[in-house]
Amino acid sequence: MTPVPRTVDRWLLAPAPPARLATLRVLVGGYCFGFLVVRFPGFLSAARLPERQFEPVGVLAWMPASVAPAVFVVVAVVTVAAGVAFVAGRWWRVSGPAFALLFLAVTTYRFSWGHVLHTENLASLHLLVIGFSAAAGCRGHAPNARFGWPVRVLALLTVTTYVVAGVAKVRNGGWDWLVGDVLRNQVAFDNLRKELLGDLHSPLGGWLVGYAWVFVPLALLTVAVELAAPVALAGGRVRTVWVAFAWGFHVGITALMAIVFPYHLLGIAYAPFFRCERLTQRWPTPAAARRVTQPEPGLVSG
Amino acid sequence: MAERVWAWAAVIAVVVGVGFVPVLLERDSYPLSDYPMFSTRRTAESSFNTAVAVGSGDAVERLSPELIAATDEVIQAAATVSDAIAQGQTGTLCTDIATRVADGGPDGVVAVEVVTERFDAVAWYAGDRQPLGRVVHARCPVP
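As they're listed, the protein sequences go chains D and V. In terms of numbering that gives the first Met the number 0, the first sequence opens at residue 0 and continues consecutively. In terms of numbering that gives the first Met the number 0, the second sequence opens at residue 0 and continues consecutively.
Just so you know, these hints were derived from the structure itself, not from any lab. One or more hints might be untrue.
Unchecked claim - Which residues of chain V face chain D? A few of them, derived with a C-beta cut under 7 Å, are:
#: 1; residue: Tyr29
#: 2; residue: Ser32
#: 3; residue: Thr42
#: 4; residue: Pro64
#: 5; residue: Thr70
#: 6; residue: Gly107
#: 7; residue: Ala120
Said to hold, decoys possible - Covered stretches of chain D, as calculated for chain V (at least 3 residues, CB under 8 Å):
#: 8; stretch: 142-150
#: 9; stretch: 201-213
The C-beta atom is built at its ideal place from N, Cα and C for all residues, glycine as well.
All chains should be modelled from the sequences, with the hints used to inform the complete structure.
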């Protein structure tokens, strides 16, 4: 094996405690379960939209027509029930894949009515990785690569989505996106659309549109954070700094455009970068945490 | 050995399936996407498809996504109006909205209009709120 694949191989297959993957199961599964429950009324209203608006996407692109709202309700309720088992780690061989696939199907159906939101893409991808991994029923097992590589793949997914978004900005918007008025116009457009359609908008974003110079550093910072996402895989301080910037980026989107990415704002999108199993230990001292957890190795730093 | 195969297969699937394929195909879908949001080379002037309530003095009042499209999501409401315009169904949509306005909308509304309005979004926030253009696709009375 040449040096680069060897480094990646070592990072990918580094042992991790089962508690880390189990914690991610609870965090990601709990988020998706909560999302379904909280957004249930919105899901139902979408299922009752006129048939002419049905434009199936993703894994449902094959569907010739929508299903009866009652059928969708039954599937959504089964999904919520599977979510309870998923979070609890019960009947894992069934509940893991079932909740991951049902959540993907239900959310895909929700986004098949004329517009695709991008707030849940990462959560559904994370859920698929966790649902098909050994994320439950392994309490007491020794740290193992079996529990480690799914966590690395979750981190890689987070990184990849940022890079793709950064590439889209550079490709579609070009130099103008970085140093021109594109971001400023986007903030103005998005807030005005919300005002014209009677929705909550950001007064801060509207006010800031009057100051064009503010948007040049914001645009540069946005693209820099997105394209630099792979540095988070290195671990250590550089990872923590990147996560802080990425999280701040989503805070900025919320503040300037009233667009909420809850999965990112809650920090769950970044949990695979850290020793998140500490969350399940009650008030661990640093020394105790070192004893009971394995380090989260990066590609560069340990 | 099996773990190594699964792990590398997953890494390749992520890099290729989530990274390269959506970018190369320029495809926005779910859950795989090239994340085109905010990346459009947008100018200050934009057209907006929406529906408004018209009062007795022709005063225009904005309607919520719930009243426009029976949804709580603004982009879904915008998509509903755009879709009706594209398919020549604005009369039907207008009547649906008027019924919802009669049931639970603002008081004093005499009609609903499905419109395309063109604004300078930056100028809007500088206080210039006059549309650059306005097309009424359908107008219907509130029952």
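Right, here's what the structure says about each hint:
1. Tyr29: Interface hint status for Tyr29/V: holds (5 Å vs cutoff 7 Å).
2. Ser32: At 6 Å from the nearest chain D Cβ, Ser32/V passes the 7 Å test, so the hint holds.
3. Thr42: Hint on Thr42/V: holds, closest Cβ of chain D at ~6 Å, below 7 Å.
4. Pro64: Given a least distance of 6 Å, the restraint on Pro64/V holds.
5. Thr70: holds (5 Å)
6. Gly107: violated (16 Å)
7. Ala120: It holds, given that the least Cβ distance between Ala120/V and chain D is near 4 Å, below 7 Å.
8. 142-150: holds (count 4)
9. 201-213: holds (count 4)
Consistency note: the structure conflicts with earlier hint 6 alone.
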